[in-house]
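A.B. asks: Next come the chains, spelled out residue by residue.
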Amino acid sequence: MNADGHKSAGLSFRLWWTHPGLRALAALLLVVVIGLVFNAEGAFFKWATHRDLLRQVAVFGILACGMTLVIISAGIDLAVGSILGLSAVFFALFSLRWGWSPFLAVPATLLAGALCGAASGGLIARLRLQPFIVTLAMMVFARGLAKWVSGGQKISTAVELADGTYRYGEAPPFIEFLNAKVLADNVAVVTLIFLACGFCCWLLLAKLRWGRYLYAIGGNEEAARLSGVPVGGMKLLAYALSGLFSAVAGICQMAQEIQGDPEAGAGYELSAIAIVVIGGTALMGGRGGIGLTLLGALTIGYLEKILSINAVGEAARLMLTGLIVVSAVIFQHRRK
Amino acid sequence: MTQVPLLSMQTIGKSFGGLSVLAQVAFELYGGEVHVLAGENGAGKSTLMKILAGVYSDYEGRVLLDGRESRWASPQQAAARGVAMIHQELSLIPELSVVDNIFLGREHCGALGWLKPQRQRQEARQRLNQLDLDLDLNHPAGEYPLAIQQLIEIAKALAAQARILIMDEPTSALNEPEIQRLFAIIRSLRQQGCGIVFITHKLEEMYQIGDRLTVLRDGRVAAAGRCSDLPPAALLRALVGRDLNQQFPARRFHPGPLRLQVENLSLTDPTNPGRRLLDRVSFGAHSGEILGLAGLQGCGASELLQALFGVYGLAPTGQVRLDGQPLRPYSPRHALAQGMAFLSNDRQAHGLISGLSVVHNITLSALGFYSPGLWLRPRQEWAAALSSAEKLRIQMRSPCQEVQELSGGNQQKVLLARWLETKPKVLLLDEPTRGVDVGAKHDLYELMNQWTAAGITIMLITSELPELLAMADRIMVLHRGQMAGVYARGQATPELVLRAAMGGS
Chain D
1 MNADGHKSAG LSFRLWWTHP GLRALAALLL VVVIGLVFNA EGAFFKWATH RDLLRQVAVF
61 GILACGMTLV IISAGIDLAV GSILGLSAVF FALFSLRWGW SPFLAVPATL LAGALCGAAS
121 GGLIARLRLQ PFIVTLAMMV FARGLAKWVS GGQKISTAVE LADGTYRYGE APPFIEFLNA
181 KVLADNVAVV TLIFLACGFC CWLLLAKLRW GRYLYAIGGN EEAARLSGVP VGGMKLLAYA
241 LSGLFSAVAG ICQMAQEIQG DPEAGAGYEL SAIAIVVIGG TALMGGRGGI GLTLLGALTI
301 GYLEKILSIN AVGEAARLML TGLIVVSAVI FQHRRK
Chain W
337 MTQVPLLSMQ TIGKSFGGLS VLAQVAFELY GGEVHVLAGE NGAGKSTLMK ILAGVYSDYE
397 GRVLLDGRES RWASPQQAAA RGVAMIHQEL SLIPELSVVD NIFLGREHCG ALGWLKPQRQ
457 RQEARQRLNQ LDLDLDLNHP AGEYPLAIQQ LIEIAKALAA QARILIMDEP TSALNEPEIQ
517 RLFAIIRSLR QQGCGIVFIT HKLEEMYQIG DRLTVLRDGR VAAAGRCSDL PPAALLRALV
577 GRDLNQQFPA RRFHPGPLRL QVENLSLTDP TNPGRRLLDR VSFGAHSGEI LGLAGLQGCG
637 ASELLQALFG VYGLAPTGQV RLDGQPLRPY SPRHALAQGM AFLSNDRQAH GLISGLSVVH
697 NITLSALGFY SPGLWLRPRQ EWAAALSSAE KLRIQMRSPC QEVQELSGGN QQKVLLARWL
757 ETKPKVLLLD EPTRGVDVGA KHDLYELMNQ WTAAGITIML ITSELPELLA MADRIMVLHR
817 GQMAGVYARG QATPELVLRA AMGGS
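Here the protein sequences come in this chain order: D and W.
Sequential numbering of the first sequence, starting at 1, is according to my numbering.
Sequential numbering of the second sequence, starting at 337, is according to my numbering.
It is worth saying that the hints were derived from the structure and are not from the lab.
For every residue, glycine included, the Cβ atom is placed at its ideal position computed from N, Cα and C.
A portion of the hints provided could be inaccurate.
[What the hints assert, rightly or not] Derived contacts from chain D toward chain W, CB cut-off under 8 Å, selection only: (1) Ala137; (2) Lys147; (3) Leu208; (4) Arg209; (5) Trp210; (6) Arg212; (7) Tyr215; (8) Gly219; (9) Asn220; (10) Ala224; (11) Ser227; (12) Gly228; (13) Pro230.
[As the list claims (entries may be wrong)] Listed next, with one range per pair, are the computed distances between beta-carbon atoms: (14) W/Trp711 / D/Val37: 40 to 48 Å; (15) W/Ser433 / D/Val329: 29 to 37 Å; (16) D/Val37 / W/Asp554: 49 to 57 Å; (17) D/Phe38 / W/Ser723: 22 to 30 Å; (18) W/His670 / D/Val329: 40 to 48 Å; (19) D/Ala26 / W/Ser723: 33 to 41 Å; (20) W/Phe705 / D/Val329: 37 to 45 Å; (21) W/Gly610 / D/Leu127: 47 to 55 Å; (22) D/Gln130 / W/Ser433: 22 to 30 Å; (23) D/Leu127 / W/Asp605: 18 to 26 Å; (24) D/Gln130 / W/Cys445: 32 to 40 Å; (25) W/Leu539 / D/Ala26: 50 to 58 Å; (26) W/Phe705 / D/Ala40: 52 to 60 Å; (27) W/Glu599 / D/Gln130: 35 to 43 Å.
Input sequences plus hints: build the corresponding full structure.
C.D. replies: Listed below in structure tokens is the structure:
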């Protein structure tokens with residue numbers, strides 16, 4: 001028996017079809033086909049449409065990367081949206097108001113996000129509390145902290161002039177850069193950041209010992225503990241990384257809006273969970289991967305884009321998104 | 337016995353994705369008999385019974401009930417025709433009362449779905465009387481001991497007018513008196529004309545309760561006939577397909593230096609501070625020795641192994657020395673690093689990691705070795721998994737197969753492989769042969785002999801006394817957390833061990 005011999009031997013159509021990656025791909029293709037049909041008079045065939053979609057989905061995708069790590073360890077992180085808002089406020093404070101260099105502002109923001117995540121992770125690991133409750137508490141707490149730090153105001157470059165009007169100052173070059181598109185204006189920088197986050201998660205999950213431990217904890221926590229897996233440490237790591245990725249997303253969000261909005265990211269945790277689940281990572285833990293999450297992010301991104309270029313109203317858009325998310329999940333979890 | 341069989345399954349065949357699991361199987365059951373179905377794990381017993389219980393409807397061959405052909409589309413249909421299955425894992429809902437469990441899904445209802453509790457209680461009482469059971473009908477079923485729950489499940493089947501009862505290893509979690517009680521009930525059901533299919537791995541039970549016997553091997557009938565016509569040796573041969581000269585391999589004991597030294601180990605119950613799980617236990621174990629642990633349910637043997645493995649953290653008091661060095665593990669991870677390894681008695685809940693492949697299950701505990709700098713080394717992992725699969729004779733389609741798909745014996749071997757990868761000095765084995773078929777059991781015994789020959793110390797808990805007497809070099813008996821006696825091989829007899837276990841001296 002060798003590494004590849006068995007694969008071709010056991011590969012029947014049924015097995016092929018149960019492969020989660022292919023299912024996620026099929027869901028994505030289905031959405032793309034819908035886009036080809038309802039192409040809004042050719043708008044779907046323009047590269048700019050796809051470029052914008054990849055830019056718009058990036059923030060959600062970055063959150064989903066961290067969420068994937070947590071969900072694979074059979075947890076859930078509801079705080080990612082709030083940590084995004086908190087990080088946006090911190091980053092705006094550091095770079096817009098205090099004028100810090102990005103080399104200082106970025107690590108400081110990332111640290112803040114990671115600390116929030118680590119706080120949830122610490123409680124979950126050490127006191128063995130339910131992730132749902134702990135991260136729900138962190139979600140509320142981080143939102144409150146964001147409002148407190150910002151004084152409930154959006155932090156921007158605006159300066160109030162003597163006559164009571166506002167003048168918007170110039171944003172620092174680093175923020176302009178985050179907002180830019182590169183490669184002859186073809187790819188947004190935030191899209192590349194999303195891909196880089198995905199790559200880091202892939203390295204962690206597929207190539208590092210820690211990734212294996214996360215799968216083991218998600219598959220059977222007690223067995224993992226008895227097998228010498230450092231369960232507490234790994235949970236702490238997963239939530240801290242989820243907080244870190246939320247901070248990355250917060251920085252991107254702030255750069256796109258050029259302001260630190262304490263309300264930013266409200267409800268984003270649900271989009272991130274939807275992306276992970278549509279990709280096919282099991283909420284029960286132990287199964288899934290970052291590739292699935294990338295496909296899930298594309299599926300959701302295309303869906304939103306197709307609805308918006310066809311000028312579907314918000315009410316219908318929300319209802320349709322709900323229906324399509326449910327059908328995609330039914331489609332993926334059907335076992336026969 | 338009636339002339340027309342209650343049930344006749346003819347030329348049954350079934351395959352999964354091109355892999356044939358059953359071929360040309362014939363199985364007959366008469367009213368008023370106990371028919372033992374035997375076979376190793378993966379021989380096709382469960383598949384055959386699932387066909388009978390209506391779980392699978394796409395099979396080859398015919399199923400005749402009372403001489404008429406029937407093909408059930410669902411388990412509900414099979415149940416309506418009188419086929420009931422008592423699963424290994426009980427399917428009672430622990431929070432519901434006894435009577436609600438008995439009528440779950442078939443409640444006696446009036447118009448508008450209004451329940452008729454009076455009638456239900458009456459009938460439930462009648463069914464329980466049939467089993468000589470006097471239970472509080474309103475009590476939650478989950479609060480009764482396992483053995484009683486099993487009987488409630490039988491009452492449930494009787495209330496559903498079952499004529500064919502399939503019992504899948506019903507004795508695996510029962511102690512001796514409970515088993516005898518279950519057998520008495522089975523005999524009375526037999527007299528009432530029920531046909532009973534009894535699945536078990538234990539040879540004694542087959543002869544004790546069975547009228548006739550069918551042995552499956554690799555999806556085919558390897559032997560069938562009256563139990564009295566099939567001597568144990570022939571039965572074993574039919575089960576494994578090769579000659580097992582003895583049930584247990586010969587054991588040679590060459591004790592090495594003292595490996596493990598335990599003095600006054602005590603442990604109080606973390607959930608009930610008034611109770612002592614272990615009370616001043618002292619013993620020593622040599623390198624190359626199999627130290628057997630015996631005792632009744634709750635005697636503290638499992639807790640002793642877990643305490644040595646750091647499952648209770650720093651709670652245990654007393655002195656433990658491993659190779660002369662003090663051993664005080666604060667976690668399983670820490671114990672592992674010192675050379676301890678612990679096979680839990682519940683491989684589904686505390687052993688296997690679902691979602692991980694066979695290779696990754698095997699290398700999990702030794703990952704530090706296979707990825708010294710955090711980066712994994714897939715090739716080394718593969719090589720290690722393949723070599724231990726060969727050494728332990730793990731049968732699998734492929735090393736990247738999901739571990740849940742393996743049969744019980746092979747799953748157990750995967751877990752043992754995981755522990756051997758850590759190069760342990762002391763192997764703590766809690767019921768290593770539970771739910772493992774005869775052939776794989778024999779493999780495990782031989783492996784234990786090999787490991788002890790290589791200098792590993794094994795501490796072995798098993799509820800099968802013959803196994804303990806045959807494998808252990810010394811037997812230590814525990815009673816309520818205290819030492820009740822130590823017997824060397826040859827000195828120990830079943831009577832001695834049992835008496836000590838029950839607290840007599």
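A.B. asks: Please go over all the hints and tell whether each is borne out by the structure.
C.D. replies: Checked hints:
1. Ala137: violated (27 Å)
2. Lys147: Cβ of D/Lys147 sits 39 Å from chain W, so the hint is violated.
3. Leu208: holds (5 Å)
4. Arg209: holds (4 Å)
5. Trp210: holds (7 Å)
6. Arg212: Holds: closest Cβ of chain W sits about 6 Å from D/Arg212, inside 8 Å.
7. Tyr215: Constraint on D/Tyr215 satisfied, holds at 6 Å.
8. Gly219: holds (4 Å)
9. Asn220: It holds, given that the least Cβ distance between D/Asn220 and chain W is near 5 Å, below 8 Å.
10. Ala224: holds (6 Å)
11. Ser227: holds (5 Å)
12. Gly228: holds (4 Å)
13. Pro230: It holds, given that the least Cβ distance between D/Pro230 and chain W is near 6 Å, below 8 Å.
14. W/Trp711 / D/Val37: 40 to 48 Å: holds (46 Å)
15. W/Ser433 / D/Val329: 29 to 37 Å: With a Cβ separation near 36 Å, W/Ser433 and D/Val329 satisfy 29 to 37 Å, so the hint holds.
16. D/Val37 / W/Asp554: 49 to 57 Å: Given a distance of about 53 Å, which is inside 49 to 57 Å, the answer is holds.
17. D/Phe38 / W/Ser723: 22 to 30 Å: violated (57 Å)
18. W/His670 / D/Val329: 40 to 48 Å: Given a distance of about 41 Å, which is inside 40 to 48 Å, the answer is holds.
19. D/Ala26 / W/Ser723: 33 to 41 Å: holds (39 Å)
20. W/Phe705 / D/Val329: 37 to 45 Å: For D/Val329 against W/Phe705, whose Cβ atoms are near 39 Å apart, the range 37 to 45 Å holds.
21. W/Gly610 / D/Leu127: 47 to 55 Å: violated (25 Å)
22. D/Gln130 / W/Ser433: 22 to 30 Å: This hint holds: roughly 29 Å between Cβ atoms.
23. D/Leu127 / W/Asp605: 18 to 26 Å: holds (21 Å)
24. D/Gln130 / W/Cys445: 32 to 40 Å: The hinted range 32 to 40 Å holds for D/Gln130 and W/Cys445, with Cβ atoms some 38 Å apart.
25. W/Leu539 / D/Ala26: 50 to 58 Å: holds (51 Å)
26. W/Phe705 / D/Ala40: 52 to 60 Å: With a Cβ separation near 57 Å, W/Phe705 and D/Ala40 satisfy 52 to 60 Å, so the hint holds.
27. W/Glu599 / D/Gln130: 35 to 43 Å: holds (41 Å)
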